[in-house]
Structure formats: structure tokens, C-alpha cells
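Asker: Residue numbers (this note's numbering), protein chains in the order written: chain F, 2 to 223; chain D, -9 to 359; chain L, 18 to 451.
One should not assume that every hint holds.
Label pairs and their calculated CB-CB ranges [as the list claims (entries may be wrong)]: (1) F:Arg104 to D:His287: 12 to 22 Å; (2) L:Ser19 to D:Val339: 20 to 30 Å; (3) L:Glu107 to D:Arg344: 17 to 27 Å; (4) L:Asp317 to F:Pro48: 32 to 42 Å.
Below, a list of computed lysine-lysine pairs in the BS3-like style, where the Cα atoms sit at most 27 Å apart [as the list claims (entries may be wrong)]: (5) D:Lys219 to D:Lys113; (6) D:Lys338 to L:Lys87; (7) L:Lys79 to D:Lys338; (8) L:Lys347 to L:Lys383.
Listing some non-contacts, in silico: residues in chain D with all C-beta distances to chain L over 10 Å [what the hints assert, rightly or not]: (9) Arg104; (10) Asn109; (11) Arg233; (12) Ser285; (13) Thr327; (14) Gln342; (15) Ala343; (16) Glu346; (17) Ala347; (18) Asp354; (19) Glu356.
To be clear, the hints were calculated from the coordinates, so they are not data collected in a lab.
We treat Cβ as the ideally placed atom computed from N, Cα and C, and that holds for glycine.
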Amino acid sequence: MNDPGYELLLWVRGPGWILALAVFSFGMAMRLFEIFALGRREDLAPPRPAERQGSPMRTVWNRFFPVPGLFERAPATHVSGYLFHIGFFAVLFFAEFHIQLFRHLLGFGWPALSAPLADALGVVAIVALLAALVSRMRDPVKRFLSTAGDYLAWALTFLPLLTGWMAYHHVLVSYTRMVALHLLAAELLLALLPFTKLIHAVTIFVARWYTGEQFGRKGVQA
Amino acid sequence: MGEHGREGDGLERWGALWEERTGLSRRGFAQLCAWLAATMTLTSGGVGRVAEALAAAPRPPVIWLHFQECTACSESLLRAHYPTAEQLILNLISLDYHETLMAAAGKQAEEARRATMKNAKGKYLLVVEGAIPARPFCRIGGQDAEAILKECAADAAAVIAVGSCASFGGLPAAEPNPTQARSVAGLIGKKPLVAIPGCPPQPAVMAAVLAHYLTLGRLPALDQLHRPKAFYADSIHDRCYRRPFYDRGQFAASFDDEGARKGWCLFKLGCKGPVTHNACATLKWNEGVSFPIQSGHGCLGCSEPHFWDNGSFYAPLSTPIGESGLSTGVAAAAGATLGAALAGGYRKVIDQARSEARPVTLDDLEKSS
Amino acid sequence: MSATLERGLAALRAGMDTPMATFFASCVHCGLCAEACLFYTETGDPKYTPIHKLEPLRRLWKQEFTLLGKLMVNIGLDQPVSDAELAEWEPLVYDSCTLCGRCSLACPAGNDITAMIRKMREGMALSGHAPEDLVHATQRAVTLGSPMGVKLSTLKAKIRAQERESGLTIPLDQPGVDYMVLFSGMEIVQFSEILGAMARIFKHAGVSWTLSSEAFEATNSGIQLGVSDLAKEILLRTVNAAEKLGVKGVVSPECGHAYTALRWEGPNLIGRRYHFEVVHILELLARLQKEKRLRLRQRDPEERPLSFHDPCQLARRGGVLEEPRELLGKIATDFREMSDNRERNWCCGGGGGVSAIERSEPLRAKAFQRKLHQIEELGVHTLVTACSNCRIILEEGLETYQIRVDVAGLTELVADHLEEDQPQTGAGAAGGES
Ligand code: SF4
Ligand code: SF4
Ligand code: SF4
């Protein structure tokens, strides 16, 4: 006798969210310990004098930008990668509805993107992600490297984007049902992030720092 | 063309009959018929049929039960303006039992109910207002609610659950639901059921459903939740006049800010319109004067299941319901503990590999095989 | 004892640490590291993707150092790393990686892939999956003192010849001097003029120096092979000799790997800091030049344009980036930078022990096309470098493709462009460092 969409919406806004957040924080804490408690040995080689060292922080920042010469060699990877990430984070952090969520969680919010702009960026992210998938399946290197985990990470990222867009535009099924599916997809993404390749969202900064530090102490800005 | 003419004739004729029977105006009758036909999505040819049926219909007996409720559904019905409550109660139906409206009380009242059930077996309509608790709550005339409902439903032509409590459990069923209140749906077997949720439901919808039954002798088209599609197919949001602001991303951020004054969308202030199916945005309330969103307050989502457990009325739909702080903290602590334990094991493996490794000599480089 | 899978895996486990776990966790299979690696760009074969060269190590990490991976193995969804798998990876880990470090600078996630390949070789070697040629080179380095089998007697003969030619003395085993100078076996055998060149430079700059009869070989094939214990054994000769002679510094010669081995890996191999400083010859020359103790003259303006090939280990993995430019700036009249230079240079294709692996020759020749393209694009006729291994590879490669470009060592070039009037050798000429 119950509307599955509405029931699901209630679940994902309530217990589902609490569960997803719990799984996320459980997994994140566990994985971070798994990684960071391994430790590393002190590097005994005397580093370059401070003024000649490369800065690890700069490496963390630099790697947001294409490495010279690489863009031309892999334009599809770069373009789809950038557009997807920009679109994704723009809607994640600057769509009005999401800011309400952050306000709820953090106690403060920030100005939102205008609805049409956020909408457009969402579309950009969706298209870019589709292009990334095509590129992954067609590019010889990426096809060769890709495992089920890569496609899982893709799907986990794609679904919230797609359902979010469809909910906003009332496509296919009722708004209630689509919003419920959107939240479900987002919660799935959140809960599985620590256990999948999506953990790179956190670890790349540390990875860049280590590499930046290793090269930096030798006098090379990585 | 003749069609139209005949229809006009019919309306005239039936209007006269109506006037004679009820003492109410012919003009009002024509409007009522047109409105009923429209809201029930009948073809234009149906207006005549409506008129005919309405004017000539025998007044079906109605038993109106009250369980766990606040009587606002009845109150709402009393504010029906088209048809009015008097039209309904005095002229269209025979309200044989209604605890609030009937003159009789006590034994007399219960007898009236039994009489109707006996005399109009299989023909009376059973209207239920309020949720049905488990024993021993809510006993009337020595009988508990569930038993009364079952007894009355057994020989009813159809059951109409008015209000969110009867339809979905409503307030009485809100967490933690101490009386184990339930909706009508699970308790009446296969009896035809119409649910008219809302807290309270739209008076016009209640009237229209009754009128529909009178005129056509059957229940209107229903959705999955037994709601009349004519009134519940669209969401408030679908029909909301503030929708253009929503689409443009213009939201009031507080009840007295610039956006609120400009009549912007109330999403941020907790409006549940996007997921609430009801007719408020079109029928409005108090003879079409206004509805909550028009008066500056978001929709509470009162006609949806569990609306009391659906988080704060003022929390935007895109925010979670309930407290997640503790569980998140506990989960993080558990994860950290497990992670630390695992890492302890990993370190042991690494340390062992490092300490047990014999110094490598040249001989070690030859594969034994 | 002999090499076994278990010993190999243990060696891999011993190398596990937080950075490695972070790197593996961060890889999103974007494939960009492939575009940075000359073995992929020149062959187009995806198996040469740098991160793929680490697949067995990644699997070991996942299976033994993550909960999910452990579970996967337990329920039979994943198989532990096998000996056959390591055997299959041998050509990828050795033949097709020069440890050039280029991939580590390309990965958007920031993974230091090269450092992991270096670690992976530890496990490969101990499980018996290192190329024979590299094993033998290391055996010679340990038993004979030099991977090329250069003996002390050979060195002494070369010293005598160079002393005759330059008219200068080349000191051996002289304690208390500023610098103990090392050479690569390759230099001693193939480019022994370097001995005379050094003598002239140090005379010119007034630097006191010596060779050691106990440690003259700079290279450390234990590192390319990936056996830290042997690398340590080889390294200790140098450390002991230098500390016995009481020199202020040890000069690493024109050999990239020798420099990273001594300067950056060494202290970690022996578990302590040295009691002396390690400088690359180019660092020392640039320093002397800045102090005006080394006065260089310009090349004949008529001479044809030259360029500089950055040895990977010196530049990207060693941090000696500007010194060659400072020196060439004083000498060259028409110096042209390559399209990708300094820390972005392309490897010659022979580093990381690859040049010692005979079977890798066809692959190496293919990979060389990257460098070739860079050189051709420049239109220079002289290519200067500062690594005798690079030099050999460059010469070989140019020969293979019939390109007429001269390859020269920068130290020799410096020696050839010292200002003739002899500098003062008085006060302040004793110390090499400031
Ligand atoms: S006020 Fe409510 S129902 Fe109206 S547009 Fe905004 S969210 Fe939708
Ligand atoms: S270190 Fe150089 S040769 Fe080795 S994989 Fe990386 S880019 Fe390729
Ligand atoms: S560039 Fe980095 S993230 Fe991309 S495939 Fe290579 S190692 Fe993985």
C-alpha cells in the first residue's frame, strides 16, 4: 500500500543516510589506519640546502595541472578528466540543494551557483564522464589497465550525477522517486568510497606530497 | 451540436429537479456538475450524466467512524464549499452515523449504526477517520476500534479512508507509535478502498469522491496508494505558482527576507511540495482563497505517508533526517580500531620480513629450481 | 642458499611502507604514466605502462596489506602472487625500465612509480627473476670490484698513460686531501682521457685530490639489480676508503647511477650518514667556477651548435639541474636546449641496468628513437652529457640510426676550455667547499 518512491525517500533521508555516513567513516578510518600505520623509514641522505629544495606542497598543487607535453599525447584523458572533475565538484559543492546539506552538516553554507549554471555544469560532468568511459574502453592503454574496480568507480560516480540531473528535470519517473534514487546513489558512492578506487580522492594528496618530498629533498620540483 | 443542445437541456431539466428536491439554486447545480465532471476527468458528455445522476440519486447511507483522530477531517468537510456540507449531508447522502454530527448518543447511536448495517447491507459507504490502534486503546461502546472497523467494513459497499491517519497511520502512528496505530488498508480485506490523505484532506476532494460514487455508482480511478488520481496525480510542486522561482534557483532563505517578500520558492525553508501529492496548489483552501505556500509557508507534506517522521518541517528536502553524529563517531572509532589492529598485523609482517631476511650473498642470486 | 619465491616475496614485504600503500591506493588507471615512459611511447605496447610493471607488487599489497584483499584471497576470488607471475614480469621490471623517474613526474595522482620499481627489483632478484646479465655484473662488482671487471692494475696502467699525456701527477691513496675521486669502470676503460682531464682541472683550480686503490669504481650495480645487501657491500668500500683517507668529500664522476647510489641511496643502505660530503663532478666544477677558481674560455664561435643531454639520474633523480647549464654557459657559443630538458628530459634508454642486459638490445634501440627525435629536432652536431653510460648508449644509438652527431663528456669539455694562464695556487686554493 506504500509508494515505493516515497518510502525509499524516507529511508535514504533517514536510516540510509546515517548508515552510509557510518559505513563511510568506518571505512575511511580503517583504510587510513591501514595505510598510514605502515610507517616509513627516515631518509638518511642529507637533503639539499633548504633554498634549493623542491616544495612538496607545490607538488600537491602542481599535479592539478597537466604535465608539459602530456596533454598532447593524451588529450581525451585530460579533457574528459578535467571537465568531469570540475563539473562534478561544482555541482557537489555549489548546487543550492547540496549547500543545504552542507549547511545542515557543518552549520554554515556558502553562495550557490545559479540554477542554470549548476545544471549546465552537471551536464558537462555527465557528458565528460561518458566520454571518459568510451575513452577507457577504446584507448589501448586504459583498456589494458582497466579492471572491474575501475568500472565500478565509474558507475558509482556516474549514477548520482545522472539521477540528480534526471530528478531536477523530472525525467522518466516522478520527482519523488528520482530524488530517492539520487540520494541512494549518492549514499552508495559515499559508503563505498573508502573501499574502492574512489579513495584516491583522499590519498592522492598524500601521494603527491610523498613524491614531492622525495624529489624535493634532492632539489627537484616534482 | 445536438449533443451539446441535449446536454444543455438535460442540465436544465435535472437542475429543476434538483431545485425541487433540495431547495438549492439551479445555477449552483450546473456549476457543481461541471466541476465534478472536470475534476473526475469525464468527457464533456459526462456533465449530463453527472447532472442526471446527481439529481435523481437515492441518498446512499453513510457510516462515518472516528478512531484515533482530531476530527479535523470532519471539520474540513464542514468547510466544503462546493458542494457545501449542508448540500452533502442533508441532500446528497444519508449520514446515518457520525459521532460528531449526529444528534444521537450512546446506545441509541450504536443502534443507528447497526440498523444501517442491517438495512443497507452491501449498499452503505463506510467512511473512516483516524488511525486504528491495537488493543486495548480506543474502545467505543465496549468494542475496540479494530473490531468495529472490521464489523462495519464487512457489509459496506466501499470504504473511504479520510485523512492521513486513516490513510497512512498519520500522527498516531508517528514514531515510536505507542499504540501501534495502523491505517485502514490492512484491516478490511479486499473491500474497495479510497484513501483521501491530507491533514486534513481537501474538503472538495472528500465531497467529490462521495459525489462521484453517487453519480456513477462506482469509485473514481485510484493510484497505487488508493488515492483518487484526479487529485493526487500531480505534486504540489508540479502545480505550484512559485515553481518558476525554483527553476531559476531563486529561494527565500528566511521567512522575512527579500526573497520571501518577493515570493520566491520556499524549498530552502523546508517546503515538501516536490514530494507531496495533493491538490492544494490548484483547489486551495477556504473557498479557494489561499494555500500554505501562497501565504508564505512551505508545504508540510501532510498528505504523504509518515509525514510526522519526515524530519523537521523547516529542513530542506535535500537534508537528512535524524541525528547521525553519534553513529558516525562510533563507526569511525570502530573503523580506526579495526584499522589499527590490521595495521599492527601488517607491521608485524613487514618487520618480520625485514628482520628475518638473511644477509643476501652472491649465492642467493642463483635460482634453485 | 638460493633464490626462492618465498624470499622474493619477503623482500617485497620488507619494502612495504606508507608511501607505497598510498601510491597503490591512489592509482586510477588513467594511463598517463604510459605517455611519459619511452618504452611505451616508442613501442605503443600497453604492457610497458609503468604502473603495470608493478602489478605483482600491487597484488601483494592488496592481498596482504588491505582487509578487502585478504578477504578476496580467503574466499578464493584472488590468487596469491606466484613464481610464474614474477617470471613473467622479469622483462617488464628490468628490460623495460631504466629507473629514469619520468613516470613519477607525470602521474596526476602523484605516484612515485620509479621508487616502487626499484623496490620491486629486490623481490625479483631474491626470487631468482633478475636478468642473468645483471646478476653477473653484480657478481663481478662484488668479487672483482667493478661490474666491468676493471682491476686495480688496469687503473694503474691508465693512470700512468694519462700522467704521461698530461704531464701532471694523478695522486693515488693520498690521505687528507679535499676530494677522493671515483670513476666508472666505463670511463676507465673507454674514456680514460677523463683522468687527465680531471688532473688538469684540479691543477687549474688548485684542488687537492686523490684516487683510492681500494675504491675507484663509482657504479653500484647492486642497486640496478635490486639487492640492497650487495649494494651496501659495494658501497662500503667507498665509504671505508674515504673515511680512512679522511677526505672532505667524495666526487662522483660522470655517471648518473653512481651519483644517486652514492649520494641518495647510500646513507640509507648503510644506515648512517657519511663523514664526508658527496658531490657530483659537475656540482664541484660549477662551484669552483662560481668561486672564480675555475676560469673557462668560450668555444670558438665558428664551432657548431651543441646541446646537453640530461642524464636522468643526475637531473630528475639527482637534482643536478643548473650546474651543467652554468658551465656550458661559459663555454658554448651556441647552446640549444632540448625540447624536454632538466627534470623533464627523456632517458637515453640505457639506464637502470638496461644497458647491461644483452637481450634488451632491440627494445632499447626502439626506445632510443625518442632521444633521436629530440636530437634531430635540434639540429645540433655535438651532444654533451655527463654520464658515461648515457654517452655509450647515445653513441650506439646514433650509430644504429646512422646519425652523425658527436657525443662528448662535459668534464672533458671543461678541461679543454680552461683559460690558459695559470691561476694562483696560493691562499684559499685548498678547500673545495664553502
Ligand atoms: S514553494 Fe515548494 S512546492 Fe512551490 S516551487 Fe518551491 S519547493 Fe516547489
Ligand atoms: S622509470 Fe622511466 S623507464 Fe621506468 S617505467 Fe618510469 S618512465 Fe618508464
Ligand atoms: S599515471 Fe598514475 S594514476 Fe595514472 S595509471 Fe599511471 S600510476 Fe596510475
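Asker: Indicate, hint by hint, whether the structure satisfies it.
Answerer: Now for the hints, and whether the structure bears them out:
no.: 1; hint: F:Arg104 to D:His287: 12 to 22 Å; result: holds, 20 Å
no.: 2; hint: L:Ser19 to D:Val339: 20 to 30 Å; result: holds, 23 Å
no.: 3; hint: L:Glu107 to D:Arg344: 17 to 27 Å; result: holds, 24 Å
no.: 4; hint: L:Asp317 to F:Pro48: 32 to 42 Å; result: holds, 40 Å
no.: 5; hint: D:Lys219 to D:Lys113; result: holds, 24 Å
no.: 6; hint: D:Lys338 to L:Lys87; result: holds, 16 Å
no.: 7; hint: L:Lys79 to D:Lys338; result: holds, 16 Å
no.: 8; hint: L:Lys347 to L:Lys383; result: violated, 35 Å
no.: 9; hint: Arg104; result: holds, 66 Å
no.: 10; hint: Asn109; result: holds, 70 Å
no.: 11; hint: Arg233; result: holds, 40 Å
no.: 12; hint: Ser285; result: holds, 52 Å
no.: 13; hint: Thr327; result: holds, 13 Å
no.: 14; hint: Gln342; result: violated, 8 Å
no.: 15; hint: Ala343; result: violated, 4 Å
no.: 16; hint: Glu346; result: violated, 7 Å
no.: 17; hint: Ala347; result: violated, 6 Å
no.: 18; hint: Asp354; result: violated, 5 Å
no.: 19; hint: Glu356; result: violated, 5 Å
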